[in-house]
Amino acid sequence: MKKRFLALLFSILCAHSGAGAQPREQFPYVTIPYTIASEGARAEWFALHFWDSYDFSAAETKYSPEANKQGFVNYIGVLYATSPEYSAKAIGEMMQRAAKSEDGYWYFLEMAEMALYDPTSPMRNDLLWEMFLHHAVGEKSPLDESSKERYRSMLKLVSRNQQGQKATDFVYTRADGSQGRLYDIKAPFVVIYFYNPGCSECARTKAQIDASGYLDALHEMGAVEVLALHPDEDLTEWRRRLPENPKWWISAYDKGQKINRNELYDLKAIPTLYLLDDQKRVMMKDPTVEDFIGVLGSLLGIEN
8 MKKRFLALLF
18 SILCAHSGAG
28 AQPREQFPYV
38 TIPYTIASEG
48 ARAEWFALHF
58 WDSYDFSAAE
68 TKYSPEANKQ
78 GFVNYIGVLY
88 ATSPEYSAKA
98 IGEMMQRAAK
108 SEDGYWYFLE
118 MAEMALYDPT
128 SPMRNDLLWE
138 MFLHHAVGEK
148 SPLDESSKER
158 YRSMLKLVSR
168 NQQGQKATDF
178 VYTRADGSQG
188 RLYDIKAPFV
198 VIYFYNPGCS
208 ECARTKAQID
218 ASGYLDALHE
228 MGAVEVLALH
238 PDEDLTEWRR
248 RLPENPKWWI
258 SAYDKGQKIN
268 RNELYDLKAI
278 PTLYLLDDQK
288 RVMMKDPTVE
298 DFIGVLGSLL
308 GIEN
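Numbered per the numbering used here, the sequence shown spans residues 8 to 311.
Source of the hints: derived by calculation from the structure; they are not laboratory data. Owing to the predicted nature of the structure, the values given are computational and were not obtained by experimental measurement. Worth double-checking, as some hints may not be accurate.
Taking lysine-lysine pairs in the DSSO-like style, the calculated list, with each CA pair at most 30 Å apart, reads [to be verified]:
#, residue 1, residue 2
1, 275, 163
2, 173, 265
3, 193, 287
4, 287, 275
5, 96, 69
6, 265, 275
7, 173, 69
8, 107, 147
9, 163, 173
10, 147, 213
11, 163, 193
12, 193, 213
13, 275, 193
14, 262, 173
15, 213, 275
16, 107, 69
17, 287, 173
18, 155, 254
19, 262, 287
20, 173, 193
21, 147, 163
22, 265, 147
23, 173, 96
24, 213, 265
25, 107, 193
26, 265, 155
27, 265, 193
28, 163, 287
29, 96, 107
Label pairs and their in silico Cβ distance ranges [as the list claims (entries may be wrong)]:
#, residue 1, residue 2, range
30, 152, 262, 17 to 23 Å
31, 152, 205, 49 to 55 Å
32, 275, 215, 17 to 23 Å
33, 191, 38, 53 to 59 Å
34, 88, 68, 17 to 23 Å
35, 295, 163, 21 to 27 Å
36, 72, 291, 43 to 49 Å
C-beta: ideal position from N, C-alpha, C; glycine also.
Modelling step: build the complete structure from the supplied sequences, incorporating the hints.
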């Protein structure tokens, strides 16, 4: 699936490139030594040495936009095949090379943001983007303090509620005015579904999940509860559309918009899904519907 994401992102990126650009050098890929045999070791070596032959001082003039973008997409694909520790090390070394030129640094930082943090990107990955952010705000970054402050704020938001962390607790309010807390929901698994009524993408996401039948099946087994949360206070449309949600869902809104105002969750895109375990640890953060349905199916012992 990640290969399909990489190919799709490349097609999106290249769609905006000029067709009549002057010929420039292609991306200078390195060759993995044949003595490195295991797949894991080859991926780790490639991640650390991917940029060895690349000239960061002439990133936008020496290479074509297509070559840069294809190279960067392939680099992200390599990072997917390595451990988080190796990814962090590789990204740190890559961005330190880019830091020799402030323009080059901005070029790759903005490319990383578009690929890994833009809500429309099929390669969206907060963990990898967080690694880029750590370098951007660090001592070795060439950015000025005002730029670093923007990325510090972004880092604070992105680093919340990561996979394996305990989700941030919050209070929700039901249509009748009664309130509850996320941590008080008792179930082996809890789904938080941040959505807006009338949102077309929310409707598509919900339709795909409903079509699988997995959530209903897990609820009937006593295994899952769903908290469908409207993060805004414009309640007219929300109340009108409440009957569209299954009756067993906890349909609620965020009174006072404390989640957004206090940046408790990164809601850069709606809808956003979280899957939590019984200790409210994050199992999935903002997954694709395909990945989410796949995990639900595995909980039911269904192969996808």
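Going down the list of hints, with the structure as the test:
1. A distance of roughly 14 Å separates the Cα atoms of residue 275 and residue 163; the hinted pair therefore holds under the 30 Å criterion.
2. Pair hint residue 173 plus residue 265 holds up; C-alpha atoms about 19 Å apart against a cutoff of 30 Å.
3. Restraint check for residue 193 and residue 287: the C-alpha separation of about 10 Å stays at or below 30 Å, so the hint holds.
4. With a C-alpha separation of about 22 Å, the suggested pairing of residue 287 with residue 275 holds against the 30 Å cut-off.
5. For the given pair, residue 96 sits about 26 Å from residue 69 by alpha-carbon distance, which is consistent with the 30 Å threshold.
6. The straight-line distance between the Cα atoms of residue 265 and residue 275 is roughly 15 Å, inside the 30 Å bound, and the hint therefore holds.
7. For the hint pairing residue 173 with residue 69, the CA-to-CA distance comes to about 46 Å; that exceeds 30 Å, so the pair is violated.
8. Restraint check for residue 107 and residue 147: satisfied, since their Cα atoms lie roughly 10 Å apart, inside the 30 Å limit.
9. For the hint pairing residue 163 with residue 173, the CA-to-CA distance comes to about 15 Å; that is within 30 Å, so the pair holds.
10. Under the criterion of a C-alpha separation no larger than 30 Å, the hint pairing residue 147 with residue 213 is inconsistent with the structure, at around 44 Å.
11. Distance restraint check for residue 163 and residue 193: the Cα-Cα separation of roughly 29 Å lies within the 30 Å cut-off, and the hinted pair is therefore satisfied.
12. Restraint check for residue 193 and residue 213: the C-alpha separation of about 23 Å stays at or below 30 Å, so the hint holds.
13. The suggested pairing of residue 275 with residue 193 holds, with an alpha-carbon distance near 28 Å, which does not exceed 30 Å.
14. Restraint check: the Cα-Cα separation between residue 262 and residue 173 comes to about 22 Å, which is no more than 30 Å; the hinted pair holds.
15. Between residue 213 and residue 275 the alpha-carbon distance is near 18 Å, which keeps this suggested pair within the 30 Å criterion.
16. Only pairs whose Cα atoms come within 30 Å are accepted, and residue 107 paired with residue 69 is accepted, the gap being roughly 16 Å.
17. Of the pairs offered as hints, the one joining residue 287 and residue 173 holds, with about 6 Å between alpha carbons and a cut-off of 30 Å not exceeded.
18. Between residue 155 and residue 254 the alpha-carbon distance is near 46 Å, which puts this suggested pair outside the 30 Å criterion.
19. Between residue 262 and residue 287 the CA atoms are separated by roughly 22 Å; this keeps the pair inside 30 Å, and the hint holds.
20. Restraint check for residue 173 and residue 193: the C-alpha separation of about 15 Å stays at or below 30 Å, so the hint holds.
21. Of the supplied pair hints, the one linking residue 147 and residue 163 holds, its CA atoms being roughly 19 Å apart against a limit of 30 Å.
22. As the CA atoms of residue 265 and residue 147 are separated by approximately 35 Å, the hinted pair breaks the 30 Å bound.
23. Taking the CA atoms of residue 173 and residue 96, the gap is about 25 Å. The hint holds against a cut of 30 Å.
24. Only pairs whose Cα atoms come within 30 Å are accepted, and residue 213 paired with residue 265 is accepted, the gap being roughly 25 Å.
25. As the CA atoms of residue 107 and residue 193 are separated by approximately 52 Å, the hinted pair breaks the 30 Å bound.
26. Under the criterion of a C-alpha separation no larger than 30 Å, the hint pairing residue 265 with residue 155 is consistent with the structure, at around 25 Å.
27. For the suggested pair residue 265 and residue 193, the alpha carbons sit about 23 Å apart, so the restraint of at most 30 Å is met.
28. The hinted pair formed by residue 163 and residue 287 meets the criterion: a straight-line CA distance of about 20 Å does not exceed 30 Å.
29. A C-alpha spacing of about 18 Å is found between residue 96 and residue 107, which places the hinted pair at or below 30 Å, so the restraint holds.
30. Taking the beta carbon of each, residue 152 and residue 262 are about 36 Å apart, not inside 17 to 23 Å as hinted.
31. Taking 49 to 55 Å as the suggested C-beta distance range, the pair residue 152 and residue 205 does not conform, at roughly 41 Å.
32. Here the CB-CB span from residue 275 to residue 215 is close to 21 Å, well matched to the stated 17 to 23 Å.
33. A hinted range of 53 to 59 Å for the beta carbons of residue 191 and residue 38 is consistent with their spacing of about 57 Å.
34. At roughly 31 Å, the beta-carbon separation of residue 88 and residue 68 lies outside the given 17 to 23 Å, and the hint is violated.
35. In this structure the supplied range 21 to 27 Å holds for residue 295 paired with residue 163, their Cβ-Cβ distance being about 25 Å.
36. A hinted range of 43 to 49 Å is violated for the C-beta pair residue 72 and residue 291, which are about 34 Å apart.
Taken one by one, the earlier hints fail for this structure at numbers 7, 10, 18, 22, 25, 30, 31, 34 and 36, listed in ascending order.
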